[in-house]
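Here is how the chains run, residue by residue.
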Amino acid sequence: AAGVIQSPRHLIKEKRETATLKCYPIPRHDTVYWYQQGPGQDPQFLISFYEKMQSDKGSIPDRFSAQQFSDYHSELNMSSLELGDSALYFCASSLVGSSSTDTQYFGPGTRLTVL
Amino acid sequence: DQQVKQNSPSLSVQEGRISILNCDYTNSMFDYFLWYKKYPAEGPTFLISISSIKDKNEDGRFTVFLNKSAKHLSLHIVPSQPGDSAVYFCAASNNQGGKLIFGQGTELSVKP
Numbered sequence: 001a002a003g004v005i006q007s008p009r010h011l012i013k014e015k016r017e018t019a020t021l022k023c024y025p026i027p028r029h030d031t032v033y034w035y036q037q038g039p040g041q042d043p044q045f046l047i048s049f050y051e052k053m054q055s056d057k058g059s060i061p062d063r064f065s066a067q068q069f070s071d072y073h074s075e076l077n078m079s080s081l082e083l084g085d086s087a088l089y090f091c092a093s094s095l096v097g098s099s100s101t102d103t104q105y106f107g108p109g110t111r112l113t114v115l
Numbered sequence: 001d002q003q004v005k006q007n008s009p010s011l012s013v014q015e016g017r018i019s020i021l022n023c024d025y026t027n028s029m030f031d032y033f034l035w036y037k038k039y040p041a042e043g044p045t046f047l048i049s050i051s052s053i054k055d056k057n058e059d060g061r062f063t064v065f066l067n068k069s070a071k072h073l074s075l076h077i078v079p080s081q082p083g084d085s086a087v088y089f090c091a092a093s094n095n096q097g098g099k100l101i102f103g104q105g106t107e108l109s110v111k112p
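Protein sequences, first through last, are from chains A and B.
Its first residue numbered 1, the first sequence is counted upward by one per residue in the numbering used here.
Its first residue numbered 1, the second sequence is counted upward by one per residue in the numbering used here.
Hints are supplied without guarantee of correctness; some may be wrong.
Calculated pairs, BS3-like style, for lysine-lysine (alpha carbon to alpha carbon, straight line, at most 25 Å) [what the hints assert, rightly or not]:
id, chain 1, residue 1, chain 2, residue 2
1, B, Lys37, B, Lys111
2, B, Lys54, B, Lys111
3, B, Lys37, A, Lys22
4, B, Lys5, A, Lys57
Think of the hints as simulated: they come from the structure by calculation, not from any bench.
My request is simple: use the sequences and hints to build the entire structure.
So this is what it looks like as structure tokens:
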């Protein structure tokens, strides 16, 4: 079965640079979520989109922005990168309105390293 | 403010025995709970979930128990296998399609 696809898997950037992370949800899933997991920490919710509209926002810095496109893929844009942005970034998708509506399926993650 | 807590950072179990992972939560508005298994450098893999209207859900070797009055849930794995060794995260949400709040994770080690 198709899973959530994230690209790139690894990304190395310098401080103050920008980064774009991409997420392709499971086919027919209409909701995308972004989470950040720092070293030794639990995943923290950043932002979510339902049917291409922002549905919820968590502890996402103003330097970050995201959107969901007409094909349901999503991109997380990160500017003015800081050392503390180094983390694993996970994307998850779900199908709201299904029998298992709250089950989010996660991608493999993008490991961002800021030097 | 940690709304979902897994107080045991690690657990070691012998192969074939039962593994019991615990999770406590503080927000009474949570109505859906999930367990995920995670290997290093990989995304969380969904294991099993339970709605707040139930107190037990079973899927093969995995059973989740929910005690709403105690705001406590547990994941039972029986029999435990070495391949079960991973970090297990408890997560909760309080609305349909809403964000997940994760616990800190418990690292399970199943020894042959």
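* Quick one, are B:Lys54 and B:Lys111 close enough, alpha carbons at most 25 Å? -> violated (32 Å)
* Straight-line Cα separation of B:Lys5 and A:Lys57 no greater than 25 Å? -> holds (22 Å)
* To do: Take a quick look at whether B:Lys37 and A:Lys22 sit within 25 Å of each other, Cα to Cα.
  => Holds, because 23 Å separates the two Cα atoms, which is no more than 25 Å.
* Asked: CA of B:Lys37 to CA of B:Lys111, is that 25 Å or under?
  -> holds (17 Å)
Violated hint: 2 only; the structure is consistent with all others.
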